[in-house]
Each structure stands twice: as C-alpha cells, then as structure tokens.
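Participant: What follows is each chain in one-letter form.
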Amino acid sequence: MAALLEAGVPGSVVTSTDEWVEVRPERLVDALRWLHDDPEMDAAQLSNMCGVDRYDHFEVVYHLQSLDQNHQIVVKARLHDHEAASVPSSYPVYTGALLQEREVYDLMGIRFEGHPDLRRMFLWEGYPGFPLRKDFLQISADHHPGLPHFPFETGKQER
Amino acid sequence: MTAALDPIRAARVPLTGAKLVIGVIALVILAGIAGGVGFLVVSGALDGHWYDLRDLGIPIAHLRGWLDEQNKAQPAQLHDLLGDHWISYLTTALIGAIGILSFVGGVLLVLIWVERRLIGRIQVRRGPNRVGPYGLLQPVADAIKLIQKEVLIPNGADRFLFFLPPILVFIPGLLVWGPVPWAPNMNYLDLNVGVLYLIAISSLATIAIFIAGWSSNNHYALLGAMRTVAMMISYEIPLSMALVAVVLMTGSMQLSQIVQWQADHNVWLGALMPLALFTFFFSSTAELNRTPNDIAEAESEIVAGFRTEYFGMKFGLFYAVELGNAVAVGAFVTAFFLGGWSLFGLEQWIPPYLIFAVKVSSVYFVLVWLRGTLPRFRLDQLMAFAWKYLIPINLANTVLVAIEVTAFNHSSLPGVVSLGAIGVVNLVFTVWVARRWARFLGYRPETEHVLHPSLQTQVGGLRAAERLRASS
Amino acid sequence: MTTASEPYVLNIGPQHPSTHGVFRLRVVMDGERIQDIDMVVGYLHRSMEKLAEERTYTQNIPFTDRTDYLAAMSNNLGYCLAVERLADVEVPERASYLRVIFAELQRLASHSMANGTFINDAGAWQTPLMYMFREREKILDLFEMTCGARLTTNYMRIGGVAFDPPPEFYPAIESLIDEMPTRIAEYTELLVDNEILIARARGIGVLTAAEAINGSITGPMLRASGVPWDLRKAEPYCAYDQFDFEIPVGHTGDCYDRFMVRLEEMRQSVRIIRQALDGLPSGPHKTEIPLALRPAPGEAYARVEGPRGELGFYVVSDGGPAPARFHIRAPSLINLSLLRQMAVGAALPDAIVTLGSTDIVVGEIDR
Amino acid sequence: MSSIGIVLGFYALSGLTIGAGLLVFLSRNLLHSVIFVILAFIGMAGLFVTLSADFIAVSQILIYAGAISVLLVFAVMLTPYASRDNPNSLFAPAGILIGLGFAGLMGFVGMRVIWPQLTGSDLEAQSFTGTVRSIGSMLLGTYALPFELASVLLLAAFIGAIALVREDEA
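Chains as they are written, first to last, in my numbering: chain B, 1 to 159; chain C, 160 to 631; chain R, 632 to 998; chain A, 999 to 1168.
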C-alpha cells in the first residue's frame, strides 16, 4: 500500500508498517486526495482523525475507510515544530474534517492551514494552552504527565 | 413483566364489597330521582312555573316579572327617572354576569385538571394525582404557586405594554361567553348580530397577543407574535365563511335563532354542511393555537412563542384564557353545528343546558385528543392551507348553500326530503371538492406513499448506494 | 421598490426545549428563514480524553458511560474492544453474546428516545415520546436488574462483562422481546402514515449518499441516505457474524428516512436479541485480566456500530498503566459536520426537525 | 328611549372616547398612542350601541378595533426605534387651531341641523326589522353600485400594493 502511495504521489511516504503509512506533512493533502480518488484505494470516508502528543513530536492520525471495499487505511503525519505545529487542512478532500480538525486544533493546538473556520470549539477563544498536550499543566521537571504507577502499587516504578 | 415492575397495575385495588354496596345504593337513589323528575315532567306540573329548572331562563323571567311588580310601588319620581324595568334589568344582568363569571372560572379550574388527566391517560401516565382527591386541587395549587412568583420585567421591555396584554386577552375571553345559548330562554346576551359579535370579539385578542410578543423584547416572543397574528388574520376568513354558510342556512345571525332552527328542523347543521363544520373547527384550532396548529407557541421551535417572557400569574392568565377559549370554541361548534341544546326532543326531559354542556365537553375532548395525538404543521403550510385551500372551497360552498337555501325556501317538499337532499348534496360536494382541489393544488397521495427502508444484507459504499438507487 | 428586511441573530439554546441538552445554535435569520447557522458547544466539556491519561485502563470504563449517556453500553463496548485489541485479551463466548444482547437493548432504548424526541421536535405534544419511553423504561429496568444502574451502566469489562444477568432477567427480557414487535407496529400505525409528519419531514434536510460519505456521516443518517453500511456487518465484532439480520437503507436521505431507518433498526435489534438469547452459550462471563494491565506500546482503533453511528475508540499505549492517548470518535459531533449545509436556507421549524433527526447527545459532542 | 341609563352610558362612553383621543396625542410613546386609538374605537362602538345601531357597533369593533388597529400596530412596531416617539412639534399650534376649527364646525352643524325625531306612536309605527336586514337590503339594493365600485377600488388598491412591494425576480 505504501509503495502504491509512493508511486501515486512521489515523495510523500516517510515510513510505513503493516498498519499505517506515515506521509510528509507538506504532501499530506495530495496523498489524501490520491487515496480518495484512486479506485483501488477508494478511501471515500474520513472515519476518524486525531492528534497524538508523543513528547518530542505530534502525530496527526487519519483513519480512512473505503465503504465499497470495506478496508481501512491509517495515515499519519509527524510534526516536529512544537510551538507552531501546522499541517494542511484535509477539508478540501473530506468535508467531514470540518469539526474534527477544529477539535484537534482546540485541544491539541495543531493549526490546519486552509481550514475555512478554524476556531476553538469546546473551549473559548483565548483559553490558555491546549489541554491534550502533555505539557499542558506545566508540571515540575521531575514529574511526568500521565499515571506513574497503579494506585494500589507501593513505591514508585519507572516506566 | 411482573406486577411489581408495573406500578400502574400493582396499584389497582380490586373492588371491595363496601364499595359495591355504596355504588348500588347511589345508583338506586339516582334512579329514584330520575323517576321523580320524569313523573313531574310527564304530568306537566313543571311547565312554565318558576321552579321549572329545566330552563334557567324561566325562573329568571319569573323573577323579572316579580321585580317589575315591585318597581311599580316605588315613588313616582324615581319611577319616572329610571323607567319601568330598571330593577329587573339590573338584577338579571348581574345574575347573568355572575353566572357566566363563576361558570368560566369554575370551568377553568376543573378543565386544567381534566386536560392534564386526559393527556396523561393518552400518554400512558397518570397525570396529576397528588393534591386533593384524584389531584383535583392541582389547579388551585398551581394558581397559588403562580401568584407567589416574583414579578420580573425583561430588560428593555416596555413596562406599560408588557403588563397590558394578559388583561387585554382576558376581556374578549369573557365577553365571548355572552351570546352562548344554553337553553331556549337561557342566553345572556342574545344579540341579533351574535355571529358578527363573536368574530369581532375574537379579533380583539390578536392585538393583545401582538403587543405581548413585541413588548417582551425577545426574538422568540416576537416570532411567536408574528406567527400568531399572521395565522389569526388568515384563519378569520375561512372561519367567517363557514359562519356565513350557517347564517345563510338559518337566516339569522342570532345564536338562539340558529339553535332554534336546528331544533325545529330536527337536524344538526354539521350534518347538513360538513365542510363548514370542518372549516370552523380547523380554523378555530388555528385561532386557539392548539395542535396541530399551535405554531404560535411551538415549544420545540420558539420555546413558548409570545408568552416566553411571561411568568407567574400573567402566564397563568394567558394559559387560562387559552383554555377558556378552547371551551368557548366547543360551545360555538355545538351551537352552530351540533344542534346546541336540542337533542331530537329529548330536551323536554333532560335540562337543555346539560345537553349543551355534554356536547361542549365532547368537542373539548376532541380538542384534547388532537393535542395528544398530532404533530404540528409548519407556518407556511398552514398559511397555504388557509389561503389556497380553505378559502376557495368555502367560497364555492357558500354559493352552493345560498342556492340550496333559496330552493329550500321556495319548495313545498317535507323537511325530511329537502333537508336530506341538501345534506347528501353537501356531503358529496364536500368530498368531491376537497379531493379535486387538493389534486388541483398538486397533492398526489399515490406518489407520496410510505417509503419503507429497503433491507440489505451486503455492506457497500457509494457504488452500492447507486446500485440500490437504480434498482428501486 | 423592494421590501428590505434586516437579518437578526437568534440564539437557540443553551437552554431550549429542542436542543436536547446544553447545546447552542447561533442562527442568523431573515424572517423565518435561516441565513447562517453556527453551533456553539463545549458547555458540557469535561476533557475526558485528558482525564483518561491519568487513570488506569479499567478506571476509564466509567468515563465512557458519561460520554453518550443514552447509549452507555455501546460506549463501554467500544472502549473494551479497543483495549482488548491493544492488550490481546480473549473474550469468552458467553461474554460476547451478553455484550451483543446489551448493546442491542441499548440500541433499542436509544432509538426509542431518538424517534420520540424527533416526533416531539416535529410538534407532537409528547405522546409518541411517552409511548417510546414506556419501552425504554423497561429496558432500563433490565439494565438495573443486571448491573445496578440505569443510565451509566459501567457494565462491560476488559475481557468480558461485569456480572452474569440474574435469573429473573431472562423472563423479563423474554416478555419484552415478545412485546416489542407489537409496540413497534403501534408506532408505525400512529406515525408512519401521518400526513402531518410526512409534510414536516419528507424532503427536509436531505443528504445525498455522496455528501454523507464525504462528510463522515455514519450510522442511521448514512443508511438513510441510501448507503448500506453497518459495522456489525462490515467488521463483525463480538458475535455479530453469527446472527441473521438486515441493514435498513433509506431512499432519499431526508428526515423521514432517518426516522424510518431507526424504526426498522429497532425491529432488527429485536431479531438479534432473540437469536442471541436462543443461542446464549454457557461458560464464564469474563476473562480474568491482570489488575495491573500494562499493554505493550502500540495503538489500537476499535469501532462499533453505536446507535448514533460509528463509535470509535483510539487508544495509544506507551507501556504504562494508563493510556498515553485516548480518543473517542464521537458520532454525535461528526454527524453535525453537515448541519450547516442541511439547515441554511431552510425555515426555522425545518432546521429544528433536521437537528432532531440527527439525534445528537450533548455529552458525546462535548465529552 | 331617553332613560337615565342610556344617558349615563352616553356620557361615560363619550368621556372614554374623548379621553382616549386626547391621550393619543398627549402620550409620548407612539405605541401607547396606538393603544389609545384602539380604545377610542371601542368607545365609538359603545356609542353606536347606545344608538341601537348594533350592526354598526359590531362592525366598528370588527373592522377598526380588530383589523385596522392590527395594521397600525404592525406599521408602528416594525418601524425603527428612533421614529417611535411623539416629539415636540412646530406644527402643534397650527394643529390645535385646525382641530378647534373643525370641532367648532361640527358643533355648529350639529346645532343647526334639524334632526328628524320620532317619538311615541310614530316610533311604534316604524316597522323595526333589525338593522342587519335593512342595511343588507340597502347595500345590495339601493346602493349596490357605489358598494360594488368601492370593492373595485379596494381591489385595485390591493393589487397596487402587491405590485409595489413585489421583488423583481432576477
């Protein structure tokens, strides 16, 4: 699948596994459009999209699906710029991205260039920070976000 | 489902012996009273005496005569100044006014309960049953609660105009009860322009509602007021047309005469003119803001329409007037179309006002039933229905009735034959014109048949959808 | 000379009878016609996705109840499936059957509510809603009998279900399943042929199949637009591949079709429950999983056919006791993507009916 | 018919009508003025009742208090806020003068005209079949032509109004 995508949109694929394909953010919309239009891929629907904070980079994950052929394609884009994370909007390809991109922007702080109506959705304009980022609460340096150990476990465990 | 999980079934207590005995005794007593009354009626002992309670107009007339007698004994000066009948006139006017007021008030108190219980029954729940026996005191409790509420005025509302409408709608709501013919001699305000009076009085409420919506300084209220006014103005026309047919047929605008005509001919105008009956009833529901025409206070769209900002007893007044008007519509449908107090001769036996009340209650029940059953139309659909549908076919109906009346007045056939012919012609005409005109306006029921979803076992996307579309 | 009218802004919500929760629409209106519509959500935002990063995998199950509080079972199920996929947990067959039964009961309850409130939005004064609530109430009684809660059931567990149903559950569900088809027939009789409902819902809020697919619409709305797509058939989870049922597919994609599709789906759900009850295997209802569940680093996306559409759970593990990322694909929110397209140009009552037919749950929109 | 009740009613209703009429131009708020106009209409209807002209009274309520006033209220309420009060006007003295002059003229005419009066047996002799019937036969008999002409005029006004506000279809 990754090879097909690379052939269809040259210079787009970064890496791939059996489950997902990682594409370059600049080529993301081209790749999505190709997947959408290619009769064999037929990724007609953007089933789900979300952002993931991996500490040193953001991932934007697109779950695409073909209804006619009943298969799923997972496309990821990796963003290294933490302050001004930005990725082209997939709204021109999928109208269903309208609210999902707004949600990702609102909670993860990833800008989608070319989105027609990119405003905060759940939180109000001017809300400080983006809650789903790992550094949202600005916890002190020796404390990691997330749950360090099970509530009933004694002693601190390194993960 | 076990009984324990079904509270209604579990709460039903079986009929005990004591209750049965009390019931039988009550039935026997009732039968005895009925027999006694029947004997009195048959023997003619009642006819025309002051204690003839079959028609409350008769005792009042006796009272009038007695008071006029007393009047003659007054000093000549007073007599000359005030005329012959002033005491009797004043007294009977007061009695009638108090009677109407207390009737309307009592009806409102009871009917709130009745409506809520009925709706509760329709909606498989129990309705109010906590305050007093069977929840009968619920309206009183509601009224007390409403009176206790704090008086608030919305920001930017016109104070004077905001307080005026609840009072303004109440006045026509009471005045409309004036010409109701309860019994042959029992009508308070038997105007010879009664029909016109009704239309005039009911048009007064329009302005109150519009002021209410406007002065609330609220978009929902304004939208509701606009809708109400648009609808009231539109539906007044078919409503008046239906009444024109009635007036043509009976040759009188006096409500007592209209009922008397039906009693004399032993026929209900509703059976003679089904189209007029339907038009009047439907237009009345529009004027009343009741389902299916309750777009003015469409809860799911514009919250509560023109009374969104009203609360406390001001809201209570609007609510009460609406309910009272619903009963009033019941009274007028009864008087115009269902034979009023007449019941094919039985009014000699049963007090006519009871017959009338039962008929009114039945019409009211139909209104509640409709409210519990039907969804709501859209504003433009209702408007189109009034202007494109009801008004043209009622125009045609009016012409037809005029022709029939002329023929009826010039014919020497027995009433059964001629009225029967009129009824049949009108029924056929109604069915025919209703169908034809609907088709003319583009209504095609056969193309609008119910589209049940097709059942598929294979999943697919756009291509499958196109295939399905092509195959269906 | 022309008449000039000036547009005005109408706030529908956050408190309004037909927004079904604290949901707000800012509508620019010209008379009764809608020129622009903008939704304002977030009044119920609890940031569950963030909270979940601080709680163990099992502790997160109650959160999923509180997203779509009208379909808690489906949410439990989707989340448990995702974690099971992530941690490679096997589910006993009895548990799968029980999951199917409860998910379908939940669908019945949810569709009752959806159809009832839809008719309410179309203006029927609560009677159909009350009728449908009667059946929903019985279903909630079944839930209470089994897991002690009516709405926030917290019933599914990673590796199975929390409890085996008590013995009195079986006669109760039997009688409900026997009664349900007559009740659905009753609704059909009351509503389907109703001229007023047809006038209000036919041809309103139309979405074509292409628009719906491209707009990420799923669930009954997608099926009403004519696309035969149901995850229970497409990727059978639990034991759905063992049951015989059909996908109702609408013809035009208007509000009326959505209503009809939901009604027909209720019939299909009854069918599935009947089959699942008949074939309910014996055995354990749960696999024991380690209390300190630490799935290997990785990610899993599991989705179920919820009452409102594709209910997806995307869980990323970094090897710790809590998910590193927990994302809910909320069908209520995503089905609103095309609200603007459906509502602009329509009259206000039509927009309300359209909103009612999309069947939103604000808890799920805001999470 | 000159019983004291009628006389009292006449004075009360004229008081109401004149008072409402005064309030129409004394109140600063244009909408309040409209309300008082409606009150004046209703007072007029009451005066018709004292004259036994019940048909005209009811028509007065139906047409003026019911229909015309709704038009007035519509027109006033849907105008912008700024033009919705009664400011001090330069025309006030002139208006008062004209009004007084008109009132004087009406009074003069009312005093000078010899009104035909029927009393006693003459009144009894008049066959009084009800105003509706007589007005109806007049409208459709003696005055049929003016009546129809008026309706044509109204129709023309109707069509004209629709043509004026109709938007051009692009």
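Treat the hints as calculated values from the structure; they're not laboratory data. One thing to keep in mind: the hints can contain errors.
[What the hints assert, rightly or not] Across the chosen pairs, the derived CB separations fall in these ranges:
{"id": "1", "chain 1": "B", "residue 1": "Pro116", "chain 2": "R", "residue 2": "Thr918", "range": "46 to 52 Å"}
{"id": "2", "chain 1": "C", "residue 1": "Leu529", "chain 2": "R", "residue 2": "Glu637", "range": "35 to 41 Å"}
{"id": "3", "chain 1": "C", "residue 1": "Ile550", "chain 2": "A", "residue 2": "Leu1024", "range": "37 to 43 Å"}
{"id": "4", "chain 1": "A", "residue 1": "Ile1061", "chain 2": "R", "residue 2": "Arg657", "range": "21 to 27 Å"}
{"id": "5", "chain 1": "A", "residue 1": "Phe1089", "chain 2": "C", "residue 2": "Gln236", "range": "48 to 54 Å"}
{"id": "6", "chain 1": "C", "residue 1": "Leu260", "chain 2": "A", "residue 2": "Pro1114", "range": "53 to 59 Å"}
{"id": "7", "chain 1": "A", "residue 1": "Ala1092", "chain 2": "C", "residue 2": "Ile246", "range": "29 to 35 Å"}
{"id": "8", "chain 1": "A", "residue 1": "Leu1024", "chain 2": "R", "residue 2": "Val975", "range": "46 to 52 Å"}
{"id": "9", "chain 1": "A", "residue 1": "Leu1153", "chain 2": "C", "residue 2": "Ala300", "range": "53 to 59 Å"}
{"id": "10", "chain 1": "C", "residue 1": "Leu529", "chain 2": "R", "residue 2": "Gln972", "range": "32 to 38 Å"}
[Stated by the list, open to error] Think about it this way: if two alpha-carbon atoms lie no more than 16 Å apart in a straight line, the pair counts; the simulated EDC-like pairs of lysine to aspartate or glutamate are:
{"id": "11", "chain 1": "B", "residue 1": "Lys134", "chain 2": "R", "residue 2": "Asp669"}
{"id": "12", "chain 1": "R", "residue 1": "Lys681", "chain 2": "B", "residue 2": "Asp135"}
{"id": "13", "chain 1": "C", "residue 1": "Lys473", "chain 2": "C", "residue 2": "Glu309"}
{"id": "14", "chain 1": "R", "residue 1": "Lys864", "chain 2": "B", "residue 2": "Asp135"}
{"id": "15", "chain 1": "B", "residue 1": "Lys134", "chain 2": "R", "residue 2": "Glu685"}
Model, not experiment: these values are computed from the prediction. Cβ atoms here follow ideal geometry from the backbone N, Cα and C, with glycine treated the same way.
Participant: Look at the Cβ atoms of C:Leu529 and R:Gln972 and judge whether their distance stays inside 32 to 38 Å.
Facilitator: This hint holds: roughly 35 Å between Cβ atoms.
Participant: Given the hint of 48 to 54 Å, is the C-beta distance from A:Phe1089 to C:Gln236 inside that range or not?
Facilitator: Holds: the Cβ-Cβ distance is about 52 Å, inside 48 to 54 Å.
Participant: Okay, B:Pro116 versus R:Thr918 on CB: inside 46 to 52 Å?
Facilitator: Because 47 Å falls inside the window, the suggested range holds.
Participant: Given the hint that B:Lys134 pairs with R:Asp669, does the C-alpha gap stay at or below 16 Å?
Facilitator: Since the Cα atoms of B:Lys134 and R:Asp669 sit roughly 31 Å apart, the hinted pair is violated (cutoff 16 Å).
Participant: Is 37 to 43 Å a correct range for the gap between the Cβ atoms of C:Ile550 and A:Leu1024?
Facilitator: 42 Å, holds
Participant: Could you check the hint for me, namely that A:Ala1092 and C:Ile246 are 29 to 35 Å apart, CB to CB?
Facilitator: 53 Å, violated
Participant: Confirm or reject the claim that A:Ile1061 and R:Arg657 have a C-beta distance inside 21 to 27 Å.
Facilitator: 42 Å, violated
Participant: Do the Cβ positions of A:Leu1024 and R:Val975 conform to the proposed distance bound of 46 to 52 Å?
Facilitator: The hinted range 46 to 52 Å holds for A:Leu1024 and R:Val975, with Cβ atoms some 48 Å apart.
Participant: Take a quick look at whether R:Lys681 and B:Asp135 sit within 16 Å of each other, Cα to Cα.
Facilitator: 12 Å, holds
Participant: With the threshold set at 16 Å, check whether the alpha-carbon distance from R:Lys864 to B:Asp135 stays at or below it.
Facilitator: 41 Å, violated
Participant: Using the C-beta atoms of C:Leu529 and R:Glu637, is the stated range 35 to 41 Å upheld?
Facilitator: 37 Å, holds
Participant: For the range 53 to 59 Å, tell me whether the beta carbons of A:Leu1153 and C:Ala300 fit it or not.
Facilitator: 55 Å, holds
This entry does not satisfy hints 4, 6, 7, 11 and 14, going by the numbered hints stated previously.
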